[in-house]
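Asks: Residue numbers (the working numbering), protein chains in the order written: chain E, 1 to 332; chain V, 1 to 325; chain H, 1 to 292.
There could be a bad hint or two in this list.
Stated by the list, open to error - Residues from chain E shown here face chain H by an in silico Cβ test under 8 Å; the list is partial:
(1) Phe5
(2) Ser74
(3) Ser78
(4) Thr105
(5) Ala112
(6) Leu114
(7) Pro116
(8) Arg117
(9) Ala130
(10) Gly132
(11) Lys269
As the list claims (entries may be wrong) - Below, computed lysine-lysine pairings styled on DSSO-like, alpha-carbon distance capped at 27 Å:
(12) Lys181(E) x Lys152(H)
(13) Lys128(V) x Lys91(V)
(14) Lys199(V) x Lys269(E)
(15) Lys136(E) x Lys98(E)
(16) Lys136(E) x Lys49(E)
(17) Lys91(V) x Lys18(V)
(18) Lys318(E) x Lys269(E)
(19) Lys181(H) x Lys98(E)
(20) Lys181(E) x Lys136(E)
To be verified - Just a sample of chain V residues kept apart from chain E, beta carbon distances all over 10 Å, derived:
(21) Ala192
(22) Pro265
(23) Pro276
(24) Leu282
No wet-lab data here; the hints were simulated from the structure. Just so we're clear, the structure is a prediction, and the values are computed from it rather than from any experiment. All residues carry an ideal CB built from backbone N, CA and C; glycine is no exception.
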Amino acid sequence: MSATFLELSAVSKRFSPRLSLGERIAAALGGDVETRTVHAVDGVSLTIKAGEALGLVGESGCGKTTLGRIAAGSMAPSEGIVRLDGVPVIGPGPHPRKLTTRIQTVFQDPFASLDPRMRIGDIIAEGPIAHGLVSKDAAAALVGEWLGRVGLDPSFASRYPHMFSGGQRQRVAIARALAMKPDILVCDEPVASLDVSIQAQIVNLFLQLRRELGLTMLFISHDLGVVRHICDRVAIMYLGRIVEIGAAEAIYGDPRHPYTRALLDSVPKLVIEDGTNVVFKPIQGELPSPLSPPRGCHFHPRCPIAMDRCRGEIPALKASGTQSAACHLAPT
Amino acid sequence: MTAPLLAVEGLTTEFATKAGILRAVNGVSFEVARGEVMGLVGESGSGKTVTGFSILGLIDPPGRVTGGSVRLDGQELVGLPGGAMRAIRGKRIAMVFQDPAMTLNPVLSIGTQMGLAIRAHANMSEAKARQHMAAVLTRVGIPDAARRLDAFPHQFSGGMRQRVAIAMALLHAPDLIIADEPTTALDVSIQAQILAEVKSLVAETGMAMIWISHDLATVSSLAHRIAVMYAGRIVEQGPAVAVLRQPRHRYTSGLLASLPSRAQPGAELVQIPGAPPSLTALPPGCAFAPRCPRADRACETLPAMTREGQRVHACHHPVEAGEAA
Amino acid sequence: MTLPPALVAFWDDFRANRVALGALILGAVIIAGAVLAPVIAPQNTYDIASLNLMDARRPPGFVGSSGYVHYLGTDAQGRDVLSAIMFGLRISIQMGLMAGAIALTLGATLGVAAAYFGGRTEMLIMRIIDLQLSFPAILLALVLSALLGQGKTQLVTALVTAQYAYFARTAHGAASAERNKDYIEAALSTPLGPGSVVFRHLLPNCLPPLIVVATVQIANAISLEATLSFLGVGLPVTEPSLGMLIANGFQYMMSGRYWISIYPGIALIALIISINLVGDQVRDQLNPRLKR
């Protein structure tokens, strides 16, 4: 079961602004037009083993969503390749098409990810019918089965998305993804837009589905607590690069990269002791713009222990025990 | 105990909708003392934001404050004419929104907007106003403030924009700031910076604050007192640490128990079943009863507010000390 | 199958606006009159045998030689004006609907295709549309009618050419917004083919704004057609639409025989206003920002 399953090799993604004629004229005349390229993902390599849940954590703009889309085969990387069981997940060419149905995605906002004009049943059955996984006659049974598995009443199949709450919609979105019988589920912030009391329900659903189906997951989130709860391994991303990756208990218990450490310190903790003086140890400074990331280690301008070497040389991921950190100063 | 700065009593705000009267705020009472941070906690639709807006007289039709009173230093604010309310809003009570775009006009420079805000309540020379603005911006941690006054909102990052919005609220050194989910849209590292800033601000200036949030952990790190809202009502309030350590209402205890940080990684989280009720079809008794594990016949009547020392809760079967939630 | 509750709620909201409801009823009456003209009109205006020149240019209320009352008077050929209006409306509405439907199909296809494919395809299509939108529709229709000559096909061609760009613009705007929503991304990542993404997901979600534009554009097509026919470049004399009826009576306006022009004019205005009012209400209801 520990065979490498999904493999991302040196994946990069650059976005160059596509300028309209008007913008090009404005730029030529000295107008304020953004012409720089964004390195959303910069040379990321990682593997996910069958049955494993890998958490991808980072702040907004760090490229985690882009990396998720590349891993899911919905977006072609500028460089590098993604393979599932050794087979590329996305075709070549300028308008590449996703080649596999074995990776499915659950999106952040269940109010946007379900077509408002389709019935729940049609939403779930559409993919399996289109790919011949189920006949049209058998589709209703499949829909009923999956609605049941995600904790919804099978009679909901004939209703429209707007009749459901956020948590119920997210269950529908999960059922839609799972009805395709995927081997890997990519989840992009699946609980971020849900209410606190509903988040726990959906987290439990993921745990239950992992147990029952042995799902392999790439779980993208900014919420360190949720990731810790669901994932076996965690990757921390900063400005397009993975700065630390490893077993969850190692990362949370003994973070090696100063960014990981600072991020963990930034998470507000529940204060339940009288007279506790809450000391915030916020990371200094702003997230740099991905348009002009700092040279060398991207984190050095905010890093409390940065030295000259960090300003010029990009640190490589160095393994130590069950975790690897990309820091010149990380203990090995 | 000295008179509180803000006393809210039986505040009720209703919205006329096609589905009937929607009571977004349903008889809410609480007090905020000077120098105190009051955490107002609840999920979306619990009425916490509408409570903030009602205090400021910012409810527009089809919404209306239909009952209760809001007193600032003894002065009644409910029913105050528009002009008198405007003299208080921004000067004695200021608001910070989740989205700084609610406060900041994208086509005016920061300095111009802050200047307008200053002149709304005070006479100040141009030079003196700029000095004051720069000082306030510096206070909320914006470097090089004097030069940044000529920048436009889009030239600031999200976190910096929120700092500017907080600075706008601070211009007239208000007695009370109502902050509605001010860090929800920000990244954790930026949120931690803002929280640290706000904490020291409150300590230094002695102003009071109502911090509205859905995030128990954030609130617990700031608030002296906490009020938990559910379906338009306050179900529990008291000193923050006491409420969070030994919740009495079963909604509060359920929320706390469902936090991933309270469970072993990978273990099933304690979950509150179901979803919050529709505000147009509230059950006659306790609104939380349909989701509550301890609900029985008694819960079909509205639980009264029970006072226990500094704490208040509205539950027929409060959580006892030592009982597992 | 029961009606989706959204539709029921939509109708309830619509009903709440008295003006829109009145406009809908007025429009329905006008359209019913036009559709049922061969059955209920006092006179078949196409039947030359039924015309009597003795009855020409008589005022409203005149009892003609055939024995029935000309409630709205008669025109220069002795035709009953009320009947002429009913038959004229048939032609006007027919032209408006045909032009509107074809322009909608063409425009929506182009607009949605531009938004879906993006890049150079989008650039090319939208620049052509922009170019065309910079000419007044009436000018374009006038030039085309003059070039193509008279006739129903020619007129519809002219109207479609003058109007499809509005649909394309709207469809492009709506589709560009929908294109970036997660449900399209979800469909593409399943993966579903471009055909089913466009026709099952993208197009149906672009329909609300298109329906609104369609109601307004049908009204515009009707008035455009009336204008062209009034100017004599629209339909041939054998197809007496409202515009032509107005033109026919125009010369008698100064001599006090107002009814020949005025009543067809009122019918035209009533029809266009009622369509516009209904369209406005539908637009308000479909605009999510105005909802609740």
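Asks: All hints, please: hold or fail.
Replies: Against the structure, the hints come out as follows:
| no. | hint | result |
| --- | --- | --- |
| 1 | Phe5 | violated (18 Å) |
| 2 | Ser74 | holds (4 Å) |
| 3 | Ser78 | violated (17 Å) |
| 4 | Thr105 | holds (5 Å) |
| 5 | Ala112 | holds (4 Å) |
| 6 | Leu114 | holds (6 Å) |
| 7 | Pro116 | holds (7 Å) |
| 8 | Arg117 | holds (5 Å) |
| 9 | Ala130 | holds (6 Å) |
| 10 | Gly132 | violated (13 Å) |
| 11 | Lys269 | violated (32 Å) |
| 12 | Lys181(E) x Lys152(H) | violated (56 Å) |
| 13 | Lys128(V) x Lys91(V) | holds (18 Å) |
| 14 | Lys199(V) x Lys269(E) | holds (15 Å) |
| 15 | Lys136(E) x Lys98(E) | holds (24 Å) |
| 16 | Lys136(E) x Lys49(E) | violated (34 Å) |
| 17 | Lys91(V) x Lys18(V) | violated (37 Å) |
| 18 | Lys318(E) x Lys269(E) | violated (30 Å) |
| 19 | Lys181(H) x Lys98(E) | holds (18 Å) |
| 20 | Lys181(E) x Lys136(E) | holds (17 Å) |
| 21 | Ala192 | violated (4 Å) |
| 22 | Pro265 | violated (5 Å) |
| 23 | Pro276 | violated (8 Å) |
| 24 | Leu282 | holds (16 Å) |
Comparing the model with each numbered hint stated earlier shows that hints 1, 3, 10, 11, 12, 16, 17, 18, 21, 22, 23 do not hold.
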